[in-house]
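There are 2 protein chains.
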Amino acid sequence: MSSIKVVSSKLAAEIDQELMGPQIGFTLQQLMELAGFSVAQTITHEFPINKANPNMKKNVFIIAGPGNNGGDGLVCARHLKLFGYNPIVYYPRRTEKQPFYKQLISQLDFFKVPILSQDDSDNWLDYLKPENTLCIVDAIFGFSFKPPMREPFKSIVDHLIALEDKVPIVAVDIPTGWDVDQGPISETFITPKVLVSLTVPKPCSAFINPKLTSHYVGGRFISREFANKFGFEPFDYEGTDQVLKL
Amino acid sequence: MSSIKVVSSKLAAEIDQELMGPQIGFTLQQLMELAGFSVAQTITHEFPINKANPNMKKNVFIIAGPGNNGGDGLVCARHLKLFGYNPIVYYPRRTEKQPFYKQLISQLDFFKVPILSQDDSDNWLDYLKPENTLCIVDAIFGFSFKPPMREPFKSIVDHLIALEDKVPIVAVDIPTGWDVDQGPISETFITPKVLVSLTVPKPCSAFINPKLTSHYVGGRFISREFANKFGFEPFDYEGTDQVLKL
Numbered sequence: 000m001s002s003i004k005v006v007s008s009k010l011a012a013e014i015d016q017e018l019m020g021p022q023i024g025f026t027l028q029q030l031m032e033l034a035g036f037s038v039a040q041t042i043t044h045e046f047p048i049n050k051a052n053p054n055m056k057k058n059v060f061i062i063a064g065p066g067n068n069g070g071d072g073l074v075c076a077r078h079l080k081l082f083g084y085n086p087i088v089y090y091p092r093r094t095e096k097q098p099f100y101k102q103l104i105s106q107l108d109f110f111k112v113p114i115l116s117q118d119d120s121d122n123w124l125d126y127l128k129p130e131n132t133l134c135i136v137d138a139i140f141g142f143s144f145k146p147p148m149r150e151p152f153k154s155i156v157d158h159l160i161a162l163e164d165k166v167p168i169v170a171v172d173i174p175t176g177w178d179v180d181q182g183p184i185s186e187t188f189i190t191p192k193v194l195v196s197l198t199v200p201k202p203c204s205a206f207i208n209p210k211l212t213s214h215y216v217g218g219r220f221i222s223r224e225f226a227n228k229f230g231f232e233p234f235d236y237e238g239t240d241q242v243l244k245l
Numbered sequence: 000m001s002s003i004k005v006v007s008s009k010l011a012a013e014i015d016q017e018l019m020g021p022q023i024g025f026t027l028q029q030l031m032e033l034a035g036f037s038v039a040q041t042i043t044h045e046f047p048i049n050k051a052n053p054n055m056k057k058n059v060f061i062i063a064g065p066g067n068n069g070g071d072g073l074v075c076a077r078h079l080k081l082f083g084y085n086p087i088v089y090y091p092r093r094t095e096k097q098p099f100y101k102q103l104i105s106q107l108d109f110f111k112v113p114i115l116s117q118d119d120s121d122n123w124l125d126y127l128k129p130e131n132t133l134c135i136v137d138a139i140f141g142f143s144f145k146p147p148m149r150e151p152f153k154s155i156v157d158h159l160i161a162l163e164d165k166v167p168i169v170a171v172d173i174p175t176g177w178d179v180d181q182g183p184i185s186e187t188f189i190t191p192k193v194l195v196s197l198t199v200p201k202p203c204s205a206f207i208n209p210k211l212t213s214h215y216v217g218g219r220f221i222s223r224e225f226a227n228k229f230g231f232e233p234f235d236y237e238g239t240d241q242v243l244k245l
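First to last, the protein sequences are chains U and H.
Following numbering that gives the first Met the number 0, the numbering of the first sequence begins with 0 at its first residue and continues without gaps.
Following numbering that gives the first Met the number 0, the numbering of the second sequence begins with 0 at its first residue and continues without gaps.
Each hint can be trusted.
One copy or any two copies: either way a pair holds, since identical chains are not told apart in the list.
Cross-link-like lysine to aspartate or glutamate pairs, in silico, EDC-like; alpha carbons within 20 Å at most:
1. Lys165 - Glu45
2. Lys50 - Glu237
3. Lys80 - Asp240
4. Lys192 - Glu163
5. Lys111 - Glu17
6. Lys111 - Asp235
7. Lys57 - Asp240
8. Lys57 - Asp235
9. Lys80 - Glu237
10. Lys101 - Glu17
11. Lys57 - Glu237
12. Lys80 - Asp235
13. Lys153 - Asp178
14. Lys145 - Asp178
15. Lys111 - Glu224
16. Lys80 - Glu232
17. Lys228 - Glu17
18. Lys57 - Glu163
19. Lys56 - Asp164
20. Lys50 - Glu232
21. Lys4 - Glu237
Calculated directly from the structure, the hints in this document are not laboratory data.
Throw the hints in and build the complete structure from the sequences for me.
And the structure:
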């Protein structure tokens, strides 16, 4: 496997800041819509559903954390529903500070996507049965995670680790528990079967085993000049695809 | 051609209002991102570019009106650039009331997409040469257009009509000059080669000649129950496609 271009956590933070800064002017809503869509599209590549087989597994269990990584997960869930999957969202720590997050929830209600909350902390695993779950989406923590991991997420991750051999995990941008630069160094961490790096892979992606984990880049919203300014070449997405397998 | 489900202007307005109302909670930014993306994706179907042929036409000339139809055009232009086209935007009446429209412009600046303004009213046609223009995107007026058509748009449409045989026009939701229910009844109107209906076709789409005009539906963001409530069945989009040829 050829070396994959990565940018450090510092540069990645600068990229995000510039994209949403006054000069470029992307909004969080736009970037989150495209990022969530790209994760959903990755799932159609890795875990396609066969419309002709009504008995196949279609559940996708999405765990949304309190920040933007969680927001990407909420958008992903909506697109998955439109693509014919049965998404189920577990969102134990809802973000109340931004009205947009409430709207993401309303949109999922509109599509009748079940959303578990902290009230379901005792029974959320009942909705995550290996026999009917195609994959799990880890949209818990991303970029700005710093250990130690707090509850309820530590327990959730421990449960996910116990399930890893039975249900593949798709990690959004940074696998939960990984340090963006140094990889799986915290006490508890996910080992994903699929990693979707957003905009550009971060250094931690060097710690995935390419024989065991498929690596995608998604979030197709930067120009060649911008990529070059941050020391990498833009990715050669095909057609209108919003993700590229690396 | 089988009969295409349509909804009246009144119902279509209700659909938009409900989608962005407090219950469902979509934002304009989200819907515009998906709508603009769907128009860009339509163009890749109808006017594919061949990367192996560097001499082929790649220009797409987008005319953006002052309202939301224009905003869809601005988003479309950005995605076209990412898909390898050379979009050129003519935006003679900029919307200043909503900061988001300024941000859409900043985003195009970021991608170095040329944007002509009212200052280019004498020379905009210099940028629209049939010999290097693949297609024109009519994102001038949509849904809420009522005649008479004012300047500068009347003159622009007159120029486009003179070009119709040389450069195909892609209309966003409603061809400019058409009444949403009654079709091409105003003094001056576009005859598109491609129509992209957003969410659901409007009655005016019955006035296109299916032998001359390809008809797509885009804007994949409603549920089956919601479609049924408004008297139509949802469209059978393929895979992750955001447009469907009808």
